[in-house]
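Could you slot chains A, D, R, P, H, S, L, F and E onto chain Y? The hints should help.
Protein chains in written order, with our numbering: chain Y, 1 to 98; chain A, 1 to 98; chain D, 1 to 98; chain R, 1 to 98; chain P, 1 to 98; chain H, 1 to 98; chain S, 1 to 98; chain L, 1 to 98; chain F, 1 to 98; chain E, 1 to 98.
Mixed in with the good hints there might be a few duds.
[Said to hold, decoys possible] Incomplete in silico selection of chain F near chain H, CB under 10 Å: (1) Met17; (2) Arg45; (3) Ala47; (4) Lys49; (5) Val58.
Note that these hints are calculated values from the structure, not bench results.
No residue lacks a Cβ here, since even glycine has one placed at the ideal position from N, Cα and C.
Protein chains: 10
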Amino acid sequence: MLFHVQITVRVPPEADMEKIRALSAEEVEQAKALQRAGKWLHVWRIAGKWANISIFNVDSTDELHGILSSLPLFPYMDIEVTALCRHPASIDDPQQAP
Amino acid sequence: MLFHVQITVRVPPEADMEKIRALSAEEVEQAKALQRAGKWLHVWRIAGKWANISIFNVDSTDELHGILSSLPLFPYMDIEVTALCRHPASIDDPQQAP
Amino acid sequence: MLFHVQITVRVPPEADMEKIRALSAEEVEQAKALQRAGKWLHVWRIAGKWANISIFNVDSTDELHGILSSLPLFPYMDIEVTALCRHPASIDDPQQAP
Amino acid sequence: MLFHVQITVRVPPEADMEKIRALSAEEVEQAKALQRAGKWLHVWRIAGKWANISIFNVDSTDELHGILSSLPLFPYMDIEVTALCRHPASIDDPQQAP
Amino acid sequence: MLFHVQITVRVPPEADMEKIRALSAEEVEQAKALQRAGKWLHVWRIAGKWANISIFNVDSTDELHGILSSLPLFPYMDIEVTALCRHPASIDDPQQAP
Amino acid sequence: MLFHVQITVRVPPEADMEKIRALSAEEVEQAKALQRAGKWLHVWRIAGKWANISIFNVDSTDELHGILSSLPLFPYMDIEVTALCRHPASIDDPQQAP
Amino acid sequence: MLFHVQITVRVPPEADMEKIRALSAEEVEQAKALQRAGKWLHVWRIAGKWANISIFNVDSTDELHGILSSLPLFPYMDIEVTALCRHPASIDDPQQAP
Amino acid sequence: MLFHVQITVRVPPEADMEKIRALSAEEVEQAKALQRAGKWLHVWRIAGKWANISIFNVDSTDELHGILSSLPLFPYMDIEVTALCRHPASIDDPQQAP
Amino acid sequence: MLFHVQITVRVPPEADMEKIRALSAEEVEQAKALQRAGKWLHVWRIAGKWANISIFNVDSTDELHGILSSLPLFPYMDIEVTALCRHPASIDDPQQAP
Amino acid sequence: MLFHVQITVRVPPEADMEKIRALSAEEVEQAKALQRAGKWLHVWRIAGKWANISIFNVDSTDELHGILSSLPLFPYMDIEVTALCRHPASIDDPQQAP
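Isolated chain Y, as found in the complex (with noise of 0.2 Å):
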């Protein structure tokens, strides 16, 4: 089941820099993981803004929210979620992750 997620970090000016970045890396590591095992299927950067947009493939809406409110950044984030189906115009063939 897929979800389109825009996440947009907003770090005040005036934080640990440090501390920030250490929490960047730490997520993405935990982005690779969750690429490697199917899960966010798409993370794109939206050109001139720290966000990005992404698609996430899950089972349920907790699992969605276990993966989301654990990313290191999760205090310092906006995050829209867009619940998403399967489009009759699409080719993608629905037993293969889109």
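Chains A, D, R, P, H, S, L, F and E alone, transformed into the frame defined by chain Y:
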């Protein structure tokens, strides 16, 4: 080059629905052809809305506008375009269409 | 899996109200059947508006979209879907429909 | 009488998180007590956010405000209250808490 | 129990104004009856708009919705309902309609 | 002459709450005096928020601004002012403060 | 007493433009008369829009509403009213219309 | 003097498209003439929309309004005007049209 | 050439108020000088807010920006600039500052 | 390929202004270099704001993001990116940077 496009179709309830259905069918074929050509990478339905989120892989903004403005239902569409780029945490092979 | 759905019905004042009332009656029956099937868990009227807040219990986002897009008044609806999950403070028995 | 309440908790990232966790734990107990008392009918987590959607069953707006304003994390909350009433399509027994 | 209600009337310029004036006259009588019954406590015109701000004193949200949805111009109305309660600084006698 | 005023108090969570409580107590007394003087006609709490809706009866906009800007918590306030006037459906006696 | 009024005229493109032009001409005369009477102090066109910003000098909000609601194009207008008062930095002579 | 102007054309789908195309062709010629006259410095299409972003170089706001309000499709336009001025980092020769 | 400028001053409550008052006093003198020079035509306080609406009469957008950006409280200001031009219904003598 | 970028710089008033001025000076040099390289085609100041509107001519969205995210004041910036393409009414020579 990737663009995230959110398309919401707003057809006034009193419109000629036969004409709309014909345009819509035409659009599905156009979308499938563009997907086969690798231009329209992904198209997902937004649950609960006559709207979709798509990822386009084009060589220029002019090409993107050409595709979108020639969609049969274009006069009924609200379209938001977001420029995407590669995310440092993405494990997608840069050479492969993500 | 639970989804919070806010539906606002926008019927242009000059619409054919007889047709609208027929669609509306059809919709009430459809809603009652879905409630009896355990899919449409709750439906409440928003005071002062032709709008409702509902909780759906479905197996997938595709199922949710199927239900919503087949509602007779769907062409007149603004629909906002919010994915819900279990709250740590909830005393609802996870196995029971909350 | 039912009220739909959406609560978003906004804790500044540099806040004293130990204090916040203590307030949060206190709040969970308060919420469970109110659920057992039949006042706080439903509480669901919004996927991806430190936010919840709840349904309260109270005798007056004063009682509702009393409950909400005494929540330990109230100073950190954005709260939207929507008055609900019985929907003509609801099959809930009017005498039973829906 | 008090509710603050802001009603904005949006009549398309090309509407049948004779019909609208008749509905409007009917509504004035309905409003006066509800004021005499103590249900519609206050009604004020917003300067510069076909809109009003009203305070209703009702026993339930169902009663409030019943009043509002039966107003003759209801199909032309945008209605915002806000639940009010007693303010600690108010010198109004709680037993008296404020 | 009547003005509708919505006041939302936004106190940063890390503010000196003792100072805030003192200002708040001072404000309650000021509000009561203005109510007794017939200037502050109504004040209601918005359920779920540190906010109120008030109706002021003043002789000029300058007088209104003088009252609002001298409220002890004024630096923490978002204030929206709406000019009201007599509604044709109101049964209030024009000479009496409504 | 001064009020800032922003008026945006929204005429549907398919409206009877001859009727609109007649109403518009009537409105210009009404506006000139009110300016000569010292009620309509200033009227400026917003560059690029069928909209204006005006300053009215009236004795009450009722008078303001009377003027605005009797403008021939009132049914086509979005009107925002802002209550103004004397600014401490203004060198205008309080007795003179500013 | 430079003004940034964003123009969005909103033509109702059921409009007489032949008339619209004629107006649109007329507008293209008008735009080209203004570009040759150095008034309309730049015009770019916004990808995905019937909208453009333009830079005008005019001697006064009255001149700007004269140009915009005489565009054939003006009745169908949402126009946002932003006043621009020289940026300290610009290497454009102040005497040259930038 | 006229510009409508709405200035809202947002000073964080924990700011050094003595410094702010000094800047504010400085600004009042600057404003009075600009009014005497005929540049700052009108300045009105918005009732209920630390905000003002002003009309500036300048020769260019650069001059306008120079004036606004040199105001002592500029770092605390949200500023909205609207380009104005002569209204066909205005009886102001075009040669006189309106 | 052209992108329209609106950059608003939001520096908290209590920030270390010396550090900000240093970053700002560095940014001016960076902007001048990019203009000379033909990447940053135009940069204009928005009158009344610490904000600019720029037109970038880049080969990819990745290049655009690289430029923007490496601006010294990037952490203080709200950035809106709009993809532009050639307008049918433009008389600019397609081969020339417009």
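Hint compliance check: list the failing hint numbers for this structure, sorted ascending.
5
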